Every structure is written in C-alpha cells, then in structure tokens.
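For the record, the sequence lines run as chains P and S. Take the first sequence: its position 134, counted from the start at 1, is 187 in our numbering, and no numbers get skipped. Take the second sequence: its position 126, counted from the start at 1, is 532 in our numbering, and no numbers get skipped.
Just so you know, these hints were derived from the structure itself, not from any lab. Predicted model only: the values in this text are computed from it and were never measured. One or more of the hints may lead you astray.
Which residues of chain S face chain P? A partial, calculated answer using Cβ under 10 Å [what the hints assert, rightly or not]: (1) Leu449; (2) Lys452; (3) Ile492; (4) Val518; (5) Ile524.
SDA-like mimics (lysine to any residue), calculated; alpha carbons at most 20 Å apart, straight line [to be verified]: (6) P/Lys84 x P/Glu201; (7) P/Lys84 x S/Lys408; (8) S/Lys418 x P/Gly250; (9) P/Lys394 x S/Asp522; (10) P/Lys223 x P/Lys299; (11) S/Lys527 x P/Lys220; (12) P/Lys394 x S/Lys408; (13) S/Lys408 x P/Gly250; (14) P/Lys246 x S/Glu477; (15) P/Lys246 x S/Val410; (16) S/Lys517 x S/Leu449; (17) P/Lys84 x S/Glu477; (18) P/Lys234 x S/Ile425; (19) P/Lys394 x S/Lys418; (20) S/Lys469 x S/Arg532; (21) S/Lys527 x P/Lys246; (22) P/Lys275 x P/Ser221; (23) S/Lys408 x S/Lys513; (24) P/Lys299 x S/Asp522; (25) P/Lys234 x S/Lys527; (26) P/Lys299 x P/Arg233.
Think of the CB as a built atom: it goes at the ideal place given N, C-alpha and C, for glycine as much as any other residue.
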Amino acid sequence: MIYENVVCPFCGCLCDDIIVTVENGQITNTKNACAISKSKFVNHHQNALNPSIGGQEVSLEKAIDKAADILRNSQAPLIYGLSSTECEAQRHAIHLAEILGATIDQTASVCHGPTILGLQDAGCVKCSLGEVKNRADLVVYWGCNPAEAHMRHFRRYSVFPEGMFRKSKKEREIAVVDVRKTTSARIANTFIKIEPGTDFEVISLMRAHLKGRDVPLREEYKTLLEKMKTCEFGIIFFGLGLTMSKGKHLNVNAALRLVRDLNEYTKFSITPMRGHYNVAGAGSTMAWVTGYPFAVNFSLGYPVHNPGEFSAVDVLARKECDAALIIASDPVSNFPSETWKHLADIPTIVMDPKVNLTSKIAHVCIPVATAGIEAEGTAYRMDGVPLRLKKVLDSPWLSDADVLSQLIEKVMA
Amino acid sequence: MKIVLLSGRTTKQGVAAEIGKTSDDYLQNVALIQLNPQVMEKLGLKEGDTVEVQTKYGSCVVKCQKSDIDETMGFMPYGPWANLLIGSDTQSTGMPDSKGVEAEIQKTDKKVESVDEIMSKIVEGRK
C-alpha cells in the first residue's frame, strides 16, 4: 500500500509531500522524506514502550487506572509536553489540567518560549512559507541551522524552490548569521560570524544605524542592513541561537522590532524556526483554550500565566509539583540535569510511543499510537498554517487523545 | 582549557533519536563534543578520545570530534550529556541558559557513561 501526500510528523516544516510505503503492517520505505523523517517513519516501531507500573509490565487498562489514581490524589500536578502530538490531544490535556487544578506547560518553554515572550511585547510581522517561496529575494537565517534541523526548509520554502516570482537560488540572496560556520552557512551568499551572547547588542546597533545614528556597527552588518533595506521582500528565519543565549526574549524582541523598522523601507517578515512538528499547534491550542500559550496554572480555578513560575523547568527545579504527566516529550533528555531528580522522586507518568529517558525513570508508562503515523489529527506548521496528519498504520494502542479522554473520565468519576 | 559551550541539533542526533534514545547510534552520535583541531592538538587529543567537560553545574565525559569551530568554543548535540552541564535558573523566562555556558575541558581516561548508567544514578536512592 502506498500513501501519498503524507504530512511528516517530525519538525515544524511539516512537509506534506511524503510518500510512505506500507507492507505487511510495517513502513518499509519513504520518498521525499529527509534523513530524520525517514528514520521516524521507518523506525517508528523500534524501542516501543509497553504499559508498566513501577517497572513491571501490566495491562494498558491497569496503567491508565494507576495514572488516574496518581493524578486524582495529587495536590499540585504538572502536565508537560504536547508538541509532538496533535491538537485534539492537546485540547484534552488542557481540559485535564483545568479539572486537576494543574500546571500545564509545553515544550516551547525550553525552545521558542522566549520568542512568545518577545512577540507578546513587540508584535510580529508574519507571512506564510508559501509567500517566502514565491516572493522572498532576501532570506536571512539568524542563529539557526536548517541544514541539520529543518532539512528540507531550503528545498521547499526558502532557497531552491521554483516560486511564482523567484525561480531559483540565483534569484535569492541568502545570508546566515551564526556563532559558528554551520553546514547551512556553506550554502549562503553571505556568512557573518557573530560573537556568542552579542545578538541583542548587534541587532540594537543595526536598528540605530537604520535610523541614521552614528554607531559602531561592523561593516559586514552595515552591508547586510543595506541589502535588507533594498530587497523587494525579505524574511528573517531565526532559531534557538537567539532564544537560548544570553538576553533570550530580549534578543527576539530586538529582531522583531528590527523587522518592524524595515517595513518603513520594504516588505519584511520574520518567522521562528519551530522545532517539534506541532509545537506551534501547542501554543495555538493553549492560547485559544486558556488565553495563554505556555506556562499556565489552574490552581485558582482559572488560568494564570507566568513564565518562570509555571514553566516546567522552574516548577521541577523548585520541586513545586507532586506528580507529573509527560505527554509526547522527553524532559529528562532536554532539561537541565538538576530537574531530573525530582521527576524520579515524584510519581511520573509518561505517555509516549517509544522508550525515552523520562520513561526510564517514570512510575507509570502508557504506550500510545504515534500521531501522524498511527493516528490522525491536526498540526500547525512553523508559519501557523494548520495541516491534517494522516494515519497510515493501525496501532495496538490508543491515541494520545483517547488516553487523555479516558483519564478525564476516570479522574472525574 | 576554558571554552564556551554551544549546543544544538545535528542530523545524526535526530536520526539516532528516532531509532531510539537507548540505542548505540544515539550514544555514538550524541555523547560527543566538537572541537577545533588546534585545541585538540594542544590537549593531546585524537578524534574519538574521551574528554571530561566541566561547568559550574556539572560534568560529563564525551568523545571528541574535529570541527571548524572557533578555538574558544565547543559544540555538543542536544541530549542528556549536554544537559548535565547546564543550570536550571531561567531568569523568570522558563528557558535555561542552554547555549553559551563556560566550560573547562581536559583529556581523560574515564569512559563515556551510557544513558542507562546516567539514569540509574538518578533513580538510585529515590524517595
């Protein structure tokens, strides 16, 4: 069986042209997929998680019952993850958080959370990736390395595709600003090596120079700024080089304001390079359900948003939760080690298709169908465009959404 | 020797994570640090030798790999080894300082700890 136009459930590019071959209940091949996407499809059954309690295998029903018991008896549960599952499951997770009076956070918190904080303050000049493909004649990658992290971004959206008004790479100028000469930098017309931790300073100087102030801005940035001012349609794609480095949301804030300033001269947009395939959806779903995109607490009976207080790393580092439900993510792999011990000490429940580092220390493990391979749903691309994920295989397990609705029923019973 | 530690995605890390985070592929492609060849020479390191990386938050042992990165920097793929080296203070943003941490590196005879070895330490003596 061959499935066409399958949406890839790996990164925020959400490539929707994957061809998947299924033989005897297994994915045997893919076409158009990048190396990571192919690995996800072809290896999706490897290292599969089994239902367990305290390391002992149990039935799925028992694992879900135990998870409901833990959550019901918790005074201050943390629900975390969401970005590698679909929007319906995210909606159920938020509902569960509301019922429990829990803290709920999603993986943007350790990814583009600072981007959200920046754009809450500065606003964001946005456009779709289709507009970039068809119109952009200047593409600036700042603090990101799509050649390794968003492997088909160049080919589908920004550098190589045949667009309506830009036919090839020759008709586009590509600039990369990064602290090291990455594989992405090698395809760029211009590469600027920025000193680590100076993004805010450099972008602020660029803004001042743009406004005609005499500031000590390096020549290469002045040249880049001139290209930005004089292009017909420019775009900045930025990554965790801005959000994870000193300054964090202030770096992003400065970049957003630079783009706003550039619109005095030409059409310019900016888009974060979102990592997990539905992390943009996690932010959107949380925002339309609770009013806030991440780091939300329901202990007062209504949603309160406060990064630093209700963000997962802080909650765990301060030991402020007494149980955790981890959905479609792996905080032990991705959080600073200081937070791991508390996750191991409290009853942690993991819902995931695969064994991961968090499932290794979890009290309860609940295997689920892989969204986008074994379960349908909606996911949001990095530019905010929603796409429908396909189901190409049956799973022996329930979907995230089904497990979460069972948990809601059991917790409320 | 002092360096500034950077972390990020690599294709090999992404591919290996999809095979499984307890797989040998993951260990081989994530428990590593990329260094400038001159830095490696100064420390008497050959590609594949083990390096102890220490920050004020913790330490880990990883294999080294040549890269055209600056002499003042080291790059590690995202994963548990890199996260042994960063702190949990987020300055009220939710985001730890995952890039740009100062680190000390030295050649070592210690071996790289596997995911299971790291995890068993966390679970040890849990409440």
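The hints, checked one at a time:
1. Hint status for S/Leu449: violated, given a least beta-carbon distance of 19 Å to chain P, over 10 Å.
2. Checking S/Lys452 against chain P: minimum C-beta separation of about 22 Å lies over 10 Å; hint violated.
3. Because the beta carbon of S/Ile492 sits about 5 Å from the nearest beta carbon in chain P, less than 10 Å, this interface hint is met.
4. The closest approach between the C-beta of S/Val518 and any C-beta of chain P is roughly 16 Å, which is over the 10 Å cut-off, so the hint fails.
5. The interface hint given for S/Ile524 holds, since its Cβ lies 8 Å from the closest Cβ of chain P, which is under the 10 Å cut-off.
6. Simply put, P/Lys84 and P/Glu201 have alpha-carbon atoms about 19 Å apart, close enough for the 20 Å limit, and the pair holds.
7. Distance restraint check for P/Lys84 and S/Lys408: the Cα-Cα separation of roughly 45 Å exceeds the 20 Å cut-off, and the hinted pair is therefore not satisfied.
8. Between S/Lys418 and P/Gly250 the alpha-carbon distance is near 26 Å, which puts this suggested pair outside the 20 Å criterion.
9. For the hint linking P/Lys394 to S/Asp522, the alpha-carbon distance of about 15 Å falls within 20 Å, and the restraint holds.
10. With a C-alpha separation of about 35 Å, the suggested pairing of P/Lys223 with P/Lys299 is violated against the 20 Å cut-off.
11. Among the hinted pairs, S/Lys527 with P/Lys220 is inconsistent with the structure: their alpha-carbon atoms are about 55 Å apart, more than 20 Å.
12. Between the alpha carbons of P/Lys394 and S/Lys408 the distance comes to roughly 28 Å, so the proposed pair goes past 20 Å and is violated.
13. Distance check on the hinted pair: S/Lys408 and P/Gly250 sit about 17 Å apart at the alpha-carbon level, within 20 Å; holds.
14. For the suggested pair P/Lys246 and S/Glu477, the alpha carbons sit about 14 Å apart, so the restraint of at most 20 Å is met.
15. Annotation: proposed proximity of P/Lys246 to S/Val410 holds, straight-line Cα distance about 15 Å (limit 20 Å).
16. The straight-line distance between the Cα atoms of S/Lys517 and S/Leu449 is roughly 17 Å, inside the 20 Å bound, and the hint therefore holds.
17. Between the alpha carbons of P/Lys84 and S/Glu477 the distance comes to roughly 40 Å, so the proposed pair goes past 20 Å and is violated.
18. Restraint check for P/Lys234 and S/Ile425: not satisfied, since their Cα atoms lie roughly 28 Å apart, outside the 20 Å limit.
19. This hinted pair does not check out: P/Lys394 and S/Lys418 have alpha carbons roughly 28 Å apart, beyond 20 Å.
20. Proximity of S/Lys469 to S/Arg532 is assessed by CA-CA distance (about 30 Å); at most 20 Å being required, the pair is judged violated.
21. With a CA separation close to 39 Å, the supplied pair S/Lys527 and P/Lys246 exceeds the 20 Å bound.
22. Simply put, P/Lys275 and P/Ser221 have alpha-carbon atoms about 26 Å apart, too far for the 20 Å limit, and the pair is violated.
23. The suggested pairing of S/Lys408 with S/Lys513 holds, with an alpha-carbon distance near 13 Å, which does not exceed 20 Å.
24. Proximity of P/Lys299 to S/Asp522 is assessed by CA-CA distance (about 32 Å); at most 20 Å being required, the pair is judged violated.
25. For a cut-off of 20 Å, the pair hint linking P/Lys234 to S/Lys527 is broken: about 37 Å separates their Cα positions.
26. Straight-line distance between C-alpha atoms of P/Lys299 and P/Arg233 comes to about 16 Å, which keeps the hinted pair within the 20 Å bound.
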